[in-house]
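**Q** Sequence:
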Amino acid sequence: MEKINLENVIKSFFLGLFLGVLLQFYSRANVLFEYKVLAVLASGSIGFIIGLITEWLTSLLPIRMANSRMYFFINNLVALLVATILMVSLILITGSKAEHKAEFVPLLSIVLGVICIANLTDYMMYRRAQNKLQSFKALIKEE
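Going by the working numbering, the first residue of the sequence shown is number 38, and it counts up by one from there.
Note that these hints are calculated values from the structure, not bench results.
Values in this document were obtained by computation on a predicted structure and should not be read as measured data.
Cβ coordinates follow ideal geometry from the N, Cα and C atoms, glycine included.
Hints should not be assumed to be uniformly reliable.
Said to hold, decoys possible - Here are the computed lysine-lysine pairs in the DSS-like style, where the Cα-Cα straight-line distance is at most 30 Å:
1. Lys-169 <-> Lys-40
2. Lys-40 <-> Lys-174
3. Lys-174 <-> Lys-48
4. Lys-48 <-> Lys-73
5. Lys-48 <-> Lys-169
Stated by the list, open to error - Computed Cβ-Cβ distance ranges for the label pairs, DEER-style:
6. Val-68 <-> Ser-172: 49 to 55 Å
7. Glu-179 <-> Lys-73: 53 to 59 Å
8. Val-58 <-> Leu-127: 15 to 21 Å
9. Asn-42 <-> Ile-154: 18 to 24 Å
Starting from the given sequences, assemble the full structure and let the hints guide the process.
**A** Shown next as structure tokens:
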């Protein structure tokens, strides 16, 4: 069993904070500033939980799936699934009215879209680092 990558969990926390700030612009509610800050912190905490669950589930994958492309793909799918389940659970737990549940779909779309973009960016940065490493190795071999 692999260890959980804490760097990715911390990234998920900050992604949750970013989503919290982004959703504050989406929401037109007139609430106190302190409540908005608490909502952003709660969003960061939810991001942390999503990251922790995602990394834990991804660490359970068999070693034969150690391909980086497959790892990032599965990690993204798990993150999307966990985020969806967690957000739907929060809506059901809070007992929101039916008209508020209709507003949930665009909100979920924004969150899932940002998660996909973040995971794609993470994969692109990984590939870029790997390409630079290969170039550096080739440069060292020439000398």
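**Q** If a hint holds in the structure, say so; if it doesn't, say that too.
**A** Consistency of the hints with the structure:
Between Lys-169 and Lys-40 the alpha-carbon distance is near 26 Å, which keeps this suggested pair within the 30 Å criterion. The hinted pair formed by Lys-40 and Lys-174 meets the criterion: a straight-line CA distance of about 28 Å does not exceed 30 Å. A C-alpha spacing of about 29 Å is found between Lys-174 and Lys-48, which places the hinted pair at or below 30 Å, so the restraint holds. In summary, the hint linking Lys-48 to Lys-73 is supported, as the alpha carbons are separated by about 21 Å, within the 30 Å threshold.
The hinted pair formed by Lys-48 and Lys-169 meets the criterion: a straight-line CA distance of about 23 Å does not exceed 30 Å. Distance hint check: the CB atoms of Val-68 and Ser-172 are about 51 Å apart, consistent with the given range 49 to 55 Å. Checked against the hint of 53 to 59 Å, the C-beta distance between Glu-179 and Lys-73 comes to roughly 56 Å, which is consistent with it. A C-beta distance of roughly 18 Å is found between Val-58 and Leu-127, which places it inside the suggested range of 15 to 21 Å.
Hint check: Asn-42 to Ile-154, Cβ distance near 20 Å, so the stated range 18 to 24 Å holds.
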